[in-house]
Amino acid sequence: MATRVLGIGALVAVAGATAFALVGVPADLNQGEAQRIMYIHVASAWLAYLSFGVTAAASVWWLVRRDPRADAVALAGAEVGVLFTAATIWAGMMWGRPVWGTYWQWEDPRLTTTALLLALYVGYLLIRRLTDEPARRATRAAVVGIVAAIDIPIVHFSVVWWRGLHQGPTFMSPDTILNPPAPGQFVAALLLMLGAFSLAWLWLIVSRYRLARLDWEAEEFARRGRLPGLAAAVPAPRP
Amino acid sequence: MIDLAAIGDLAFVAAAYAVILGGTGLYALSLARRLRGARQTTSTPASDQPRPADPPIHPRA
Chain A
-13 MATRVLGIGA LVAVAGATAF ALVGVPADLN QGEAQRIMYI HVASAWLAYL
37 SFGVTAAASV WWLVRRDPRA DAVALAGAEV GVLFTAATIW AGMMWGRPVW
87 GTYWQWEDPR LTTTALLLAL YVGYLLIRRL TDEPARRATR AAVVGIVAAI
137 DIPIVHFSVV WWRGLHQGPT FMSPDTILNP PAPGQFVAAL LLMLGAFSLA
187 WLWLIVSRYR LARLDWEAEE FARRGRLPGL AAAVPAPRP
Chain B
223 MIDLAAIGDL AFVAAAYAVI LGGTGLYALS LARRLRGARQ TTSTPASDQP
273 RPADPPIHPR A
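Top to bottom, those sequences are chains A and B. Everything in the first sequence is counted per the working numbering, starting at -13 for the first residue and increasing by one. Everything in the second sequence is counted per the working numbering, starting at 223 for the first residue and increasing by one.
Errors might be hidden in some of the hints.
[As the list claims (entries may be wrong)] Covered stretches of chain B (chain A as the covering partner; in silico rule of three or more C-beta atoms under 8 angstroms from a C-beta of chain A):
id	segment
1	225 to 234
2	241 to 247
3	250 to 262
[To be verified] Pair ranges (Cβ atoms, derived):
id	chain 1	residue 1	chain 2	residue 2	range
4	B	ARG255	A	ALA208	15 to 25 angstroms
5	B	SER265	A	GLY(-5)	25 to 35 angstroms
6	B	SER265	A	GLU93	48 to 58 angstroms
7	B	SER265	A	VAL173	39 to 49 angstroms
8	B	GLY230	A	ALA204	14 to 24 angstroms
9	B	GLY230	A	GLY154	40 to 50 angstroms
10	B	ALA240	A	THR(-11)	22 to 32 angstroms
11	A	ARG52	B	LEU243	17 to 27 angstroms
12	A	GLY87	B	SER265	25 to 35 angstroms
13	B	GLY230	A	ALA(-12)	39 to 49 angstroms
Because the hints were derived from the structure by calculation, they are not lab data. Think of the CB as a built atom: it goes at the ideal place given N, C-alpha and C, for glycine as much as any other residue.
Excised from the complex, chain A in its bound form (with noise of 0.2 angstroms):
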């Protein structure tokens, strides 16, 4: 009942995040309708992130006490996370066509270690279907998760040790915190779109874990030779 009510909660708050960023704020005075792109390609910037962390600190919480709740954990956060990286890379790509000229420049680092980072996440999920054995799956997935998680803060930094086309940071460097470059409504339609995302990230979440956690249900009584549902597909003939 409560996934069900934060389902439609985020719903309705994706619904007026959206039209707030598209027809509530003024267009921007240099980039025009283009800015608004910024709001959804930040917003999911950073959940993006967030899911893959949640995934690293499963992983080690896997790798410690060999919980199977935490190796779904983990998948949650990186299926979520995949996700939320190529709508990152896309809102990016539509967003550079107009401002920079170009959808995409690979001598750019952050564009660059953003796709390094949605290859290995993707490689993440495809290492997870080598094995149908749960506890080594959850083993071998850990250790990548883990390893993946090194290129988080490449990505976020990378815009300050490299050159490139991308923007610096604008919002969590300490002088831009207590002087938003930004006018207050952008950084309204920001927030607004952070939070909306925020419980719809968290509803993703939530669902994929419970469907890892019956899928890992299913695959211990397979294991087992007891297959739940086998009743039901195959009906005991009457005597």
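Since the structure of chain A is provided, determine the placement of chain B on it from the hints.
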């Protein structure tokens, strides 16, 4: 006067949003569907559990 260029730019932005929101929505729908299917599978009685006894068959009067 209607600014057609601005409307075109806004449509481009809206299309970018639509792909992300549509993709996320499709993923959420597929997740809900898979979750429902998994719940049905795991809630069905296992095959090695004792079946409930059949009702007695009474001869026709």
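Checked hints:
1. 225 to 234: holds (count 4)
2. 241 to 247: holds (count 5)
3. 250 to 262: Three-residue rule met by the segment 250 to 262 of chain B, so holds; n is 8.
4. B:ARG255 / A:ALA208: 15 to 25 angstroms: holds (21 angstroms)
5. B:SER265 / A:GLY(-5): 25 to 35 angstroms: holds (27 angstroms)
6. B:SER265 / A:GLU93: 48 to 58 angstroms: holds (54 angstroms)
7. B:SER265 / A:VAL173: 39 to 49 angstroms: holds (47 angstroms)
8. B:GLY230 / A:ALA204: 14 to 24 angstroms: At roughly 50 angstroms between Cβ atoms, A:ALA204 and B:GLY230 fall outside 14 to 24 angstroms, so the hint is violated.
9. B:GLY230 / A:GLY154: 40 to 50 angstroms: violated (30 angstroms)
10. B:ALA240 / A:THR(-11): 22 to 32 angstroms: Roughly 26 angstroms apart at Cβ, these two residues keep to the hinted range, so it holds.
11. A:ARG52 / B:LEU243: 17 to 27 angstroms: At roughly 38 angstroms between Cβ atoms, B:LEU243 and A:ARG52 fall outside 17 to 27 angstroms, so the hint is violated.
12. A:GLY87 / B:SER265: 25 to 35 angstroms: About 56 angstroms separates the Cβ atoms of A:GLY87 and B:SER265, which means 25 to 35 angstroms is violated.
13. B:GLY230 / A:ALA(-12): 39 to 49 angstroms: This hint holds: roughly 43 angstroms between Cβ atoms.
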